[in-house]
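Chains as they are written, first to last, in full-length UniProt numbering: chain A, 1 to 142; chain B, 1 to 142.
What the hints contain is simulated information worked out from the structure, not anything from laboratory work. Built from N, CA and C at the ideal position, the CB exists for glycine as well. Warning: the hint list may mix true and false statements.
If you only want the chain B side, here are some residues facing chain A, beta carbon under 7 angstroms, derived [unchecked claim]:
1) T44
2) M49
3) R53
4) A56
5) A57
6) G60
7) E62
8) G66
9) A77
10) H85
11) T114
12) R118
13) Y122
14) G126
Label-pair distances were calculated between CB atoms; the ranges are [said to hold, decoys possible]:
15) B:R118 / A:T111: 48 to 54 angstroms
16) B:E28 / A:R135: 40 to 46 angstroms
17) B:R139 / A:R90: 33 to 39 angstroms
18) B:A58 / A:A58: 40 to 46 angstroms
19) A:E65 / B:Y122: 23 to 29 angstroms
20) A:K99 / B:G124: 30 to 36 angstroms
21) B:A132 / A:T111: 44 to 50 angstroms
22) B:R13 / A:A140: 22 to 28 angstroms
Derived list of chain B stretches under chain A, where covered just means 3 residues or more per stretch with a C-beta under 8 angstroms from a C-beta of chain A [unchecked claim]:
23) 19-33
24) 78-84
2 protein chains.
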Amino acid sequence: MRRALDAAATAARDGEVPVGAALVWQGEVIAVAANAPRTLCDPTAHAEMRVIRAAAAALGRERLEGAELWVTLEPCAMCAGAIAHARIARLYYGASDAKGGAVEHGPLLFTQPTLHHRPEVYGGIGEGEAAALLRAFFRARR
Amino acid sequence: MRRALDAAATAARDGEVPVGAALVWQGEVIAVAANAPRTLCDPTAHAEMRVIRAAAAALGRERLEGAELWVTLEPCAMCAGAIAHARIARLYYGASDAKGGAVEHGPLLFTQPTLHHRPEVYGGIGEGEAAALLRAFFRARR
Numbered sequence: 001m002r003r004a005l006d007a008a009a010t011a012a013r014d015g016e017v018p019v020g021a022a023l024v025w026q027g028e029v030i031a032v033a034a035n036a037p038r039t040l041c042d043p044t045a046h047a048e049m050r051v052i053r054a055a056a057a058a059l060g061r062e063r064l065e066g067a068e069l070w071v072t073l074e075p076c077a078m079c080a081g082a083i084a085h086a087r088i089a090r091l092y093y094g095a096s097d098a099k100g101g102a103v104e105h106g107p108l109l110f111t112q113p114t115l116h117h118r119p120e121v122y123g124g125i126g127e128g129e130a131a132a133l134l135r136a137f138f139r140a141r142r
Numbered sequence: 001m002r003r004a005l006d007a008a009a010t011a012a013r014d015g016e017v018p019v020g021a022a023l024v025w026q027g028e029v030i031a032v033a034a035n036a037p038r039t040l041c042d043p044t045a046h047a048e049m050r051v052i053r054a055a056a057a058a059l060g061r062e063r064l065e066g067a068e069l070w071v072t073l074e075p076c077a078m079c080a081g082a083i084a085h086a087r088i089a090r091l092y093y094g095a096s097d098a099k100g101g102a103v104e105h106g107p108l109l110f111t112q113p114t115l116h117h118r119p120e121v122y123g124g125i126g127e128g129e130a131a132a133l134l135r136a137f138f139r140a141r142r
């Protein structure tokens with residue numbers, strides 16, 4: 001989660017909502033990314049999507065069975081859907097997101113019976129620092 | 001929808017689940033793509049994601065306000081989430097997807113009060129041909 005939090009801090013410096021993610025494959029961090037939709041002109045460039053795509057490309061495989069995804073904020077519906085498609089085994093996240101989250105809020109995506117795969121989910125990890133980064137970012141823009 | 005259906009047929013020839021999409025910006029088709037997660041080693045490479053990313057990159061903007069997205073199959077949660085993030089104005093889709101769909105099935109994503117943006121939605125367009133492509137594909141793999 002340290003690597004994900006550092007990526008989130010980088011996002012804030014780039015004017016992006018500070019969220020970061022890291023992907024662990026066979027005990028090794030193989031992808032780290034910051035949220036970057038503005039910078040990359042890509043509405044899908046959330047931190048989770050970026051590490052999943054980078055890891056899948058690096059490994060040359062469509063699915064990442066057994067992988068762990070660490071992210072500083074509760075994933076949205078898009079990212080939770082991608083996590084299921086990628087067959088991520090374990091999801092660890094920091095702050096919860098009452099507005100945009102889709103894991104413990106809104107559509108509660110991983111409880112949907114139609115979902116092909118659901119990861120183990122562990123929330124609240126590094127929550128204090130993750131939430132502080134977000135609060136500082138939005139306070140500065142008000 | 002013709003362009004999206006042709007892309008879906010291409011996907012089938014490449015051994016991918018036959019789904020295709022096209023993105024219309026200011027009356028012009030600016031992106032067409034087939035579903036390609038296996039070919040691209042990218043679990044997020046659904047047709048909808050690919051046209052959104054291509055269009056946003058081509059236009060150099062994060063959001064595609066006013067755009068229309070045409071896709072041959074009801075979007076999943078990941079794609080519906082991306083459609084909301086991209087601020088797509090109108091979504092036209094072909095076949096409905098009781099197993100993986102997130103628009104009229106499962107999480108009914110565009111009815112979620114937490115969603116930032118919801119497009120106008122028109123289903124069942126080109127449904128017969130879209131569903132026939134999918135049926136033929138899955139029949140051949142059984």
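Status of the hints after comparison with the structure:
With its C-beta approaching chain A no nearer than about 5 angstroms, T44 (chain B) sits inside the 7 angstroms limit, and its interface hint holds. The interface hint given for M49 (chain B) is met, as the beta carbon of that residue sits about 6 angstroms from the closest beta carbon of chain A, less than 7 angstroms. The restraint placing R53 (chain B) at the interface with chain A holds, with a minimum CB-CB distance near 5 angstroms, inside the 7 angstroms limit. Proximity of A56 (chain B) to chain A holds as hinted, the smallest CB-CB distance being about 5 angstroms (cut-off 7 angstroms).
At its closest, the beta carbon of A57 (chain B) sits 6 angstroms from a beta carbon of chain A; the interface hint therefore holds under the 7 angstroms criterion. The closest approach between the C-beta of G60 (chain B) and any C-beta of chain A is roughly 5 angstroms, which is under the 7 angstroms cut-off, so the hint is satisfied. For E62 (chain B), the shortest C-beta to C-beta distance to chain A is roughly 5 angstroms, which falls under 7 angstroms, so the interface hint holds. Because the beta carbon of G66 (chain B) sits about 14 angstroms from the nearest beta carbon in chain A, more than 7 angstroms, this interface hint is broken.
Interface hint at A77 (chain B): satisfied, since its Cβ lies 4 angstroms from the closest Cβ of chain A, which is below the 7 angstroms cut-off. At its closest, the beta carbon of H85 (chain B) sits 4 angstroms from a beta carbon of chain A; the interface hint therefore holds under the 7 angstroms criterion. Contact between T114 (chain B) and chain A, as hinted, is supported at the beta carbon level, the nearest pair being about 4 angstroms apart and thus within 7 angstroms. The beta carbon of R118 (chain B) comes no nearer than 12 angstroms to any beta carbon in chain A, farther than 7 angstroms, and the hint placing it at the interface is violated.
Taking 7 angstroms as the C-beta cut-off, the interface hint given for Y122 (chain B) is violated, the closest approach to chain A being about 21 angstroms. With its C-beta approaching chain A no nearer than about 23 angstroms, G126 (chain B) sits outside the 7 angstroms limit, and its interface hint is violated. Against the hinted window of 48 to 54 angstroms, the Cβ-Cβ separation of R118 (chain B) and T111 (chain A) comes to about 21 angstroms, which falls outside the hint. Checked against the hint of 40 to 46 angstroms, the pair E28 (chain B) and R135 (chain A) passes, with Cβ atoms roughly 42 angstroms apart.
Hint check: R139 (chain B) to R90 (chain A), Cβ distance near 36 angstroms, so the stated range 33 to 39 angstroms holds. In this structure, A58 (chain B) and A58 (chain A) break the distance hint of 40 to 46 angstroms, their C-beta atoms being roughly 26 angstroms apart. Distance hint for E65 (chain A) and Y122 (chain B): a CB-CB separation of about 37 angstroms, inconsistent with the stated range 23 to 29 angstroms. In this structure the supplied range 30 to 36 angstroms holds for K99 (chain A) paired with G124 (chain B), their Cβ-Cβ distance being about 32 angstroms.
At about 33 angstroms, the beta-carbon gap between A132 (chain B) and T111 (chain A) misses the expected band of 44 to 50 angstroms. In this structure the hint that R13 (chain B) and A140 (chain A) lie 22 to 28 angstroms apart at CB is violated, the actual value being about 51 angstroms. Residue count for the stretch 19-33 of chain B with a Cβ under 8 angstroms from a Cβ of chain A: 0. That is fewer than the three needed, and the coverage hint is violated. For the stretch 78-84 of chain B, the assignment as covered by chain A holds, since 6 residues bring a beta-carbon within under 8 angstroms of that chain's beta-carbons and 3 suffice.
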